[in-house]
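2 protein chains.
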Amino acid sequence: MTRVVAGIDIGGTNTKISLVDESGNVISKTVLATLNYPEAKIFAEAAVEEIDKLLLGARINGRVAGVGIGAPNGNYFKGTIEFAPNLKWKGVIPMTKLFEDSLHAPTIITNDAKAAALGEMYFGAARELTDFIYITLGTGLGSGFVVNRKLVYGHDGFAGEFGHTIMIPHGRLCGCGRRGCLEQYCSATGIVKTYLELIKNSDAEGYNNLEISKIDSAHIYERALSGDEDAFYAFNYTGEMLGLALANAVVVTSPQAIFLFGGVAAAGELIFNPTIMSFEKNLMPIYRNKVKILPSGLPENDCAILGAASLIWDQLSN
Amino acid sequence: MTRVVAGIDIGGTNTKISLVDESGNVISKTVLATLNYPEAKIFAEAAVEEIDKLLLGARINGRVAGVGIGAPNGNYFKGTIEFAPNLKWKGVIPMTKLFEDSLHAPTIITNDAKAAALGEMYFGAARELTDFIYITLGTGLGSGFVVNRKLVYGHDGFAGEFGHTIMIPHGRLCGCGRRGCLEQYCSATGIVKTYLELIKNSDAEGYNNLEISKIDSAHIYERALSGDEDAFYAFNYTGEMLGLALANAVVVTSPQAIFLFGGVAAAGELIFNPTIMSFEKNLMPIYRNKVKILPSGLPENDCAILGAASLIWDQLSN
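For the record, the sequence lines run as chains A and B.
Under my numbering, the first residue of the first sequence is numbered 77, with each subsequent residue one higher.
Under my numbering, the first residue of the second sequence is numbered 77, with each subsequent residue one higher.
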């Protein structure tokens, strides 16, 4: 009998639900509209129903060996989702308990970036690595630190908030209430802020106010490719800051590699080149030319569910 | 029969050699003048002889269960001391091999700050903690990160170089060849630099050149206690920078506590107060009022040898 686990990626709009085997094959998957479930309990029950349907569809008798969940603000130790700004459920949601009440299989949750890091370790480009850092450059900057094949959770599950490293005291205001956090510069949101500052100082090249309000990181990427210097410089500035922050992270864990994943990382050389240049320049000499900065080795669409599934495989292997 | 290990702390001038039991009792100890041994091999043989003498003196039959060594630039994985600027032995010294050739007991080496962190975990104020950061404020700034009761070595043993976090790009020149490293501000050396900058801008209060060349951190401490505002501010500035750096470290490992140890930490409130104030101010809200900044719980004189000894107890317990 094939042993499978459920890998679930909870997002603000949609939730991906999948069955994943021990080799990281996605056996089947489906999508649930998170927004349709104002109550977390009903959501968990619906998700469990979908898991059953997937098992049936895949002709798998028996149950899943466990449920792994990646979610914004997911807390590994408490099994909760806590005060996630992009989800409808407010306050502290006991998500693993809701699943376990309904499915009777061990359920583990963590935040999406930590889950992705674990997915990379089990099924992606970090299979042979012992120590690495995983950075997701999306709306914010998420991170997962792996030390000696273990994810760093911290004593309370709140480790890996690397996006909230203060880079510029008195810098840009951050959602966390402080100023100058890394994710205000190095993220899709950050690059838009940088670009808007840049075009305000140049002649804004004919943008009208409506157009300006619609500028997103994908737009800046297109502009950079078509020769817009401000757009190109926005990526450069982002990479320069990210390279310095990563060089400072290396002195803590001395990793073999750092992975960049997510929307901004998909810009490829535009972001990797300035990041690597700044990284090597700022790196303490003993680490130079030793720490690789790499793209994820996982298919972008399956990265989150593979990461979530690996939470269970990780526990079963320990 | 009492099981004992040898705990050795190699310093530029002197090497402390001790016998330590499983409860962290220092059974006996002695000192070897490191400077008298231009050759590392002869040094290791002399140290092994001292261990034998200590065993005899303590009426212990049999051998030590192992030898733990804390040394500047000690590399855990390779068993080497590499390019230590404060030691006479140049290049790469295979120190554990030299001991094992002579003593036939397992020998482990790491740098002094990492050893001290482990000592704190086994015998000091971190006995009940799972995750903490250990900072030594001496000539430089050393560090040891403990994650889930394990010291973070990194894949190559070079983790924990927190003193080389770049705090001020284009700041003070550091021995590592870059600029603005934390240890250029937060260490005995750093506080002297800060104080000298401050008195240059004030009227230097009657220091002559000879006196200025003799200013060390102990002198600044005395001055601060006797009301010298520049000296007081030098500690404040040091604490402010250290607090920010530590707040940034917390987002990586989410520890329960941070220990400050070494010469500058011995200044007590003068350094702890501004550090804690800046730390709490700069801390991401989810961590506030949760992470303690504490002095070491070990006797200052025995901290290094207890740390070195705990390298062996740590290995035997795993």
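Be a bit skeptical, because a hint or two may be false.
[Claimed, not checked] Straight-line Cα separation of at most 16 Å, EDC-like style, residue types lysine to aspartate or glutamate; simulated pairs:
(1) B:Lys366 <-> A:Glu376
(2) A:Lys105 <-> A:Glu376
(3) B:Lys290 <-> B:Glu273
(4) B:Lys368 <-> A:Asp306
(5) B:Lys164 <-> B:Asp177
(6) A:Lys276 <-> A:Asp304
(7) A:Lys269 <-> A:Asp306
(8) A:Lys366 <-> B:Asp232
(9) B:Lys105 <-> B:Glu125
(10) A:Lys105 <-> A:Glu126
(11) A:Lys368 <-> B:Asp232
(12) B:Lys366 <-> B:Glu356
Simulated from the structure, these hints should not be mistaken for lab results.
(request) Verify the proposed pairing of Lys276 of chain A with Asp304 of chain A, using a straight-line Cα cut of 16 Å. (result) 14 Å, holds
(request) Decide if the proposed pair is consistent with the structure: Lys290 of chain B and Glu273 of chain B, CA atoms, cutoff 16 Å inclusive. (result) At roughly 15 Å apart (the allowed maximum being 16 Å), Glu273 of chain B and Lys290 of chain B satisfy the hint.
(request) Below or equal to 16 Å on CA atoms is what counts here, so check Lys105 of chain A against Glu126 of chain A. (result) 9 Å, holds
(request) For the pair supplied as a hint, Lys105 of chain B and Glu125 of chain B, confirm whether the alpha-carbon distance does not exceed 16 Å. (result) 13 Å, holds
(request) For the pair supplied as a hint, Lys368 of chain B and Asp306 of chain A, confirm whether the alpha-carbon distance does not exceed 16 Å. (result) 44 Å, violated
(message) Next pair to validate is Lys105 of chain A with Glu376 of chain A; report whether the Cα-Cα distance is within 16 Å.
(response) With a Cα-Cα distance of about 15 Å, the restraint between Lys105 of chain A and Glu376 of chain A holds, given a limit of 16 Å.
(request) Quickly compare the C-alpha distance for Lys269 of chain A and Asp306 of chain A to 16 Å and report which way the hint goes. (result) 12 Å, holds
(request) Given the hint that Lys366 of chain A pairs with Asp232 of chain B, test it: the Cα-Cα distance must not exceed 16 Å. (result) Within the cut-off at roughly 10 Å; holds.
(message) Hinted pair, alpha-carbon criterion (16 Å max): Lys164 of chain B, Asp177 of chain B. Please report holds or violated.
(response) 21 Å, violated
(message) Hint check: Lys368 of chain A vs Asp232 of chain B, CA-CA at most 16 Å. Holds or violated?
(response) 14 Å, holds
(message) Run the distance test for Lys366 of chain B versus Glu356 of chain B: straight-line Cα separation, threshold 16 Å.
(response) 9 Å, holds
(message) Holds or violated: Lys366 of chain B and Glu376 of chain A, Cα atoms, limit 16 Å.
(response) 37 Å, violated
Of the hints listed earlier, those the structure fails to meet are numbers 1, 4 and 5, in rising order.
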